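S.K.: Start from the sequences and build out the full structure, keeping to the hints where you can.
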Amino acid sequence: MKEAVEPITELKLEGITKRFPGILACNNVAMEVRRGEVLALVGENGAGKSTLMNILAGLYQPDAGTITLNGKAVHFRDPNDAYARGIGMVHQNFMLVPNMTVIENVALGLKQHHHFMNLDLKAVKQRILEVSAHHELPVNPDAYIWQLSVGEQQRVELIKTLCFGARLLILDEPTSALTPQETDDLIDRLKRMSAELSIIFISHKLNEVKTLSNRVAILRHGAVVFNGLTVNHTTSELAALMTGREVVLPHNEGMGGGGAVILSARDLKVRGDRGHLALDGLDLELHAGEILGLAGVSGNGQRELAEAISGLRPVESGKVELLDRDMTNRTPSAMIHAGLGYIPEDRHHEGIVPSFTVKENLVLKDFSTRRFSTWCMLKLKEIARNAEFLKERYDIRCSSTSAAGGSLSGGNIQKVILARELAREPKALVAVYPTRGVDMGAQEFIHSQLLARRRAGGGILLISEELEEIMNLSDRIAVIYKGRILKILPSLEATRERLGLLMAGVSDE
Amino acid sequence: MNSGGMLYNILSLGVPFSVALMLASLGEMFNQRAGVFNLGCEGIMCMGAFLAFLPSFYLKAGPLVPYANLIGFIIAMAAGILLGLLFALVTVTFRADQGIAGIGLQLFGWGVAGVLFRHFVGGVTSLDGVAAWPVPGLSRIPYLGGILFNHTPMAYIAFMLVPASWYLLYKTAWGLKVRAVGTAPRAADSMGINVNRVRYQALMVGGAMAGLGGAYLTLCQARMFADDLVAGRGFIAVALVYFGRWSPVGIMGGALLFSFAQTLQLSIQVGGIKFPYEFAVMLPYVLVIIVLSLARKARMRGPAQLGIPFNREMRY
Amino acid sequence: MNKFKLAYSTGVVLLAVFCAMAVGAIVIKAVGASPMLTYLTIVTGPVQDLFGVTEVLVRAVPLILVALGIAISFRSGIINIGAEGQILMGILAATATALALPGLPKIVLLPLVLLAGAIGGGLWAGIAGVLRAKLGVNEILSTVMLNYIAAQFYTFLLRGPMIDPGELETGSGTPQSLRLPENAWLGRLIPETRLHMGLVLALVLAVAVYFLLWRTTWGLRLRAAGAEAKAARYAGISVDRSLIVAMLFAGAFAGLAGAVEVTGVHHRAIEGISSGYGFAGIVVALFGGLHPAGIVPAAVFFGLLLVGADMTQRTAGVPANMILVLQGVIILAIVSAKMYLNNAYAQERVAKFFARFKAPSVEPMKPGGQS
Numbered sequence: 001m002k003e004a005v006e007p008i009t010e011l012k013l014e015g016i017t018k019r020f021p022g023i024l025a026c027n028n029v030a031m032e033v034r035r036g037e038v039l040a041l042v043g044e045n046g047a048g049k050s051t052l053m054n055i056l057a058g059l060y061q062p063d064a065g066t067i068t069l070n071g072k073a074v075h076f077r078d079p080n081d082a083y084a085r086g087i088g089m090v091h092q093n094f095m096l097v098p099n100m101t102v103i104e105n106v107a108l109g110l111k112q113h114h115h116f117m118n119l120d121l122k123a124v125k126q127r128i129l130e131v132s133a134h135h136e137l138p139v140n141p142d143a144y145i146w147q148l149s150v151g152e153q154q155r156v157e158l159i160k161t162l163c164f165g166a167r168l169l170i171l172d173e174p175t176s177a178l179t180p181q182e183t184d185d186l187i188d189r190l191k192r193m194s195a196e197l198s199i200i201f202i203s204h205k206l207n208e209v210k211t212l213s214n215r216v217a218i219l220r221h222g223a224v225v226f227n228g229l230t231v232n233h234t235t236s237e238l239a240a241l242m243t244g245r246e247v248v249l250p251h252n253e254g255m256g257g258g259g260a261v262i263l264s265a266r267d268l269k270v271r272g273d274r275g276h277l278a279l280d281g282l283d284l285e286l287h288a289g290e291i292l293g294l295a296g297v298s299g300n301g302q303r304e305l306a307e308a309i310s311g312l313r314p315v316e317s318g319k320v321e322l323l324d325r326d327m328t329n330r331t332p333s334a335m336i337h338a339g340l341g342y343i344p345e346d347r348h349h350e351g352i353v354p355s356f357t358v359k360e361n362l363v364l365k366d367f368s369t370r371r372f373s374t375w376c377m378l379k380l381k382e383i384a385r386n387a388e389f390l391k392e393r394y395d396i397r398c399s400s401t402s403a404a405g406g407s408l409s410g411g412n413i414q415k416v417i418l419a420r421e422l423a424r425e426p427k428a429l430v431a432v433y434p435t436r437g438v439d440m441g442a443q444e445f446i447h448s449q450l451l452a453r454r455r456a457g458g459g460i461l462l463i464s465e466e467l468e469e470i471m472n473l474s475d476r477i478a479v480i481y482k483g484r485i486l487k488i489l490p491s492l493e494a495t496r497e498r499l500g501l502l503m504a505g506v507s508d509e
Numbered sequence: 001m002n003s004g005g006m007l008y009n010i011l012s013l014g015v016p017f018s019v020a021l022m023l024a025s026l027g028e029m030f031n032q033r034a035g036v037f038n039l040g041c042e043g044i045m046c047m048g049a050f051l052a053f054l055p056s057f058y059l060k061a062g063p064l065v066p067y068a069n070l071i072g073f074i075i076a077m078a079a080g081i082l083l084g085l086l087f088a089l090v091t092v093t094f095r096a097d098q099g100i101a102g103i104g105l106q107l108f109g110w111g112v113a114g115v116l117f118r119h120f121v122g123g124v125t126s127l128d129g130v131a132a133w134p135v136p137g138l139s140r141i142p143y144l145g146g147i148l149f150n151h152t153p154m155a156y157i158a159f160m161l162v163p164a165s166w167y168l169l170y171k172t173a174w175g176l177k178v179r180a181v182g183t184a185p186r187a188a189d190s191m192g193i194n195v196n197r198v199r200y201q202a203l204m205v206g207g208a209m210a211g212l213g214g215a216y217l218t219l220c221q222a223r224m225f226a227d228d229l230v231a232g233r234g235f236i237a238v239a240l241v242y243f244g245r246w247s248p249v250g251i252m253g254g255a256l257l258f259s260f261a262q263t264l265q266l267s268i269q270v271g272g273i274k275f276p277y278e279f280a281v282m283l284p285y286v287l288v289i290i291v292l293s294l295a296r297k298a299r300m301r302g303p304a305q306l307g308i309p310f311n312r313e314m315r316y
Numbered sequence: 001m002n003k004f005k006l007a008y009s010t011g012v013v014l015l016a017v018f019c020a021m022a023v024g025a026i027v028i029k030a031v032g033a034s035p036m037l038t039y040l041t042i043v044t045g046p047v048q049d050l051f052g053v054t055e056v057l058v059r060a061v062p063l064i065l066v067a068l069g070i071a072i073s074f075r076s077g078i079i080n081i082g083a084e085g086q087i088l089m090g091i092l093a094a095t096a097t098a099l100a101l102p103g104l105p106k107i108v109l110l111p112l113v114l115l116a117g118a119i120g121g122g123l124w125a126g127i128a129g130v131l132r133a134k135l136g137v138n139e140i141l142s143t144v145m146l147n148y149i150a151a152q153f154y155t156f157l158l159r160g161p162m163i164d165p166g167e168l169e170t171g172s173g174t175p176q177s178l179r180l181p182e183n184a185w186l187g188r189l190i191p192e193t194r195l196h197m198g199l200v201l202a203l204v205l206a207v208a209v210y211f212l213l214w215r216t217t218w219g220l221r222l223r224a225a226g227a228e229a230k231a232a233r234y235a236g237i238s239v240d241r242s243l244i245v246a247m248l249f250a251g252a253f254a255g256l257a258g259a260v261e262v263t264g265v266h267h268r269a270i271e272g273i274s275s276g277y278g279f280a281g282i283v284v285a286l287f288g289g290l291h292p293a294g295i296v297p298a299a300v301f302f303g304l305l306l307v308g309a310d311m312t313q314r315t316a317g318v319p320a321n322m323i324l325v326l327q328g329v330i331i332l333a334i335v336s337a338k339m340y341l342n343n344a345y346a347q348e349r350v351a352k353f354f355a356r357f358k359a360p361s362v363e364p365m366k367p368g369g370q371s
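Residue numbers (the numbering used here), protein chains in the order written: chain A, 1 to 509; chain B, 1 to 316; chain C, 1 to 371.
Simulated from the structure, these hints should not be mistaken for lab results.
Note that the structure is predicted; figures quoted are calculated from it, not measured.
It is possible that part of the hints are untrue.
What the hints assert, rightly or not - Here are the in silico distance ranges between beta carbons for each label pair: (1) B:89 x A:63: 22 to 32 Å; (2) A:314 x C:107: 48 to 58 Å; (3) A:92 x B:89: 29 to 39 Å.
We put the beta carbon where it would ideally sit given N, CA and C, even for glycine.
M.R.: Right, dumping it as structure tokens:
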């Protein structure tokens, strides 16, 4: 990367349009950022925010439109060009090489083409320390990335972009993986940095937008629907602009549960992918007719818990019981037949087979039952009928049930998975990040379906990184920290601050 | 034959036998570190072996005769680079399945070498090839001298390529890029590194070394060419990269291990121990399977994106 | 599939084949032959007479069988390159069975012999399947190694324990087994030719494979495991079991191909019997889109190529192993084309490009101009 020569006084986007097959991601977008400004880019999931910023960062090429920097038109063919002009981006999924040190990661971006043999790590280290001191971002340059926590990795990302000479920082959902305390910390830092740099940050969390930004631009379905000063609008006004209507997410009045224990985990010890103990003596009980929310910073064992319960990950010691039967280390198939439903984290690779039709995906767990097959021959008519029924009932938007599952939008794929799971009327349902990346309309639908299941007597273990979602929907909230349940509270007693402290491991005993 | 003599034979033969494997495998290491595995290595070795053979076969008179072998090595490397480029086009630009594409390249290389051989040469002919060059002084060390210092110059170069590869991979900017591109191509891309270009470069280096390995087989080891000369060494070279944990020293160790197994088999036969010929020939291939079966943990430490094409516009 | 998509797909496949032929032409030129003459010979030579046509079909039979097995394995997510070795093991099993039980009536012996071939090939492939499922061993490498091992084992048996005692007596030492008893021969379909009942068997099996993969629960499991292994696991499908079953099927089909060759064509086990059907079968499977409806015509086409390639040695002076070059290049072309085939993005781009040439419905066209 070459150092940017001039500071950015003004950045203008005009008429930016970008298409992907079947989707108009950006529709004639115009906005501007001035020096020292913090612009919040807001919109539902799928509104086109990330795509727009990726264009600005040089990763995508716009199909139409211009970018003007300090009055001159510029064209970014790749991130090098963007950085040369002082635009740097911190992505939602960190762009770091895990088995290299901080120095090596930064060095990757600081080498020119012709410095083929040259690798001056000392100079890179020097630069890192300079930037770190100047912006008060402490970091250990010799640490390997995999050794760092999420918050520390984010700091490395910030330092990296600053080392490359960024004068305009783009941050994509910077607080999605942080605890409430780390979030406050980051917002303070960004406020301080905005004295020198311009910042665009993408978020769908309106309270952060209010705290940090000067101006707000709202995207809906790829088009700018609003552009103005943050101070002039309330969060509910912004929310309405984001979705285009009044959306009130369904709310659980609490006081559910009290039914029989349908699912329990006792003293579970489970190993993670890297051989460490992801679950270290975890105890949990899920009752019929309740939603148990599991709050925690991602990486504290949520995934491993969901997998252990479903039979997808071996349990080293401890017990998993479903309906009073010991189901520890049984196969996923056994768990499914015993009445466990599972909405997985990665809808594209774990929830559906993208190349299978919607029809086939809807019977993915039931095709060998007598309803859908006789003597191993599939009953195609019944499968089709089932698909049509579920498509209606669950409002799945697709051209036909013979369309490939992977061609649906994220929200609709989630509805397919939801339809499949709920149609089986599971006694216990594990839902992992069920509304991640899904637009508000689909979110409302999914939430109401989950509440309906709860009313019908099912128990739901809701694992989510959105505290609001957990607080909204759960009867009780359990906080997971380093592989153990730190505390379980009734949701009426849970506040953002209290949960935040627990999520960071600060027990309030 | 006393066992001391047999051990000496195994070791002194095993060292030069390992060179072709080691060269191809070092090249494949660069490929895999960048995230691409090239099973066509076998086909590239076939082409390299044949092309290295040609100059010596044709140049019987004229000023270029003393350089025939050198020319052979050079065109073998050039062919390797071209085939590496072809493979890069298919797997990096067209993002084809690397395993199947590799088999396609292997059939192609093997086929072309065979066709050209049948047409231009016809039958199996032997060559003088490259003479052994004992290192002055060092080769006279009793026992070790014969094992380590009495080989063709190409063998010495090959062993020197081991530390050279290590340096290239870990101490240069290019090596840093290669390692980043194989583990976290998205991160590298976001920092302005052209992921596809680095992969192309790695595949060209890999191809060159595979071609060189094939040339070694013809000019320094067998001193002739036949359709089945390479006999699966290219595949073994790919397997060796897993075995050597993607590190030059590990690969060298693996190559030596394999050739010692082969020379052991030869010694057993010569030594008159009753062992069916075909079973002895099977040995290296069985060894590969055993080695791969035991390498389970290793795969965890391999380049994370090995085998997965890079697509910046992929939305998931 | 709407009309444009069909045209687009066909266009891509044709372009791939054209590129393959172009590269092949370069090699043919290099040996001083005429590409046009060579390709012409390959495509028209074999079909000059009835015998030629039946020869093409004789080649097609093992290709269909091997390709069906490979289609099952590829669709299940496991890449079987070991058909060469599995064919050999099938031949050995079939020959041994036939020679061991010559007294049985044909109606019992023949199916038994074919079954033995299938089992032989299936078990050989099963080794690679188990290694992949339980130990994560890359199946391409393991099946390739198993090919080399099988080849050595085959030679060993044919030169040793299974050699025709007659060869030892006459001292000619050709590595081949005893002739199979006539009870183990597949009947001829057309007299005076080598075309045998194996063709019928292959076609029946092609239909069966279609049913298996798309109409049964087993097939759904296999396809799910191959398309998205994670989702399959989450749905309760045992991916490990699917991988092993798929390899067993693939090997069984290859072994059966070997048994069919031995009982239908050669009537004894000889060297060089598999003559590259294992690799050609992979190309046929890919070319046929991994679907029985595509595999059968693709196999006939490749049978044509194989017979034609034999002829080119005489007529065009191109060595017969040119076929390997063509196979390799076709594989490369097809897997490259795949990126464009199912790619909605590329399809849209092409559609946009061609839309420019469509006459606008309202405005009159400017003379010689485009919009």
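S.K.: Compare the structure with each hint and give your call.
M.R.: Hint-by-hint comparison with the structure:
{"no.": "1", "hint": "B:89 x A:63: 22 to 32 Å", "result": "holds, 27 Å"}
{"no.": "2", "hint": "A:314 x C:107: 48 to 58 Å", "result": "holds, 51 Å"}
{"no.": "3", "hint": "A:92 x B:89: 29 to 39 Å", "result": "holds, 33 Å"}
In summary, this structure violates none of the numbered hints.
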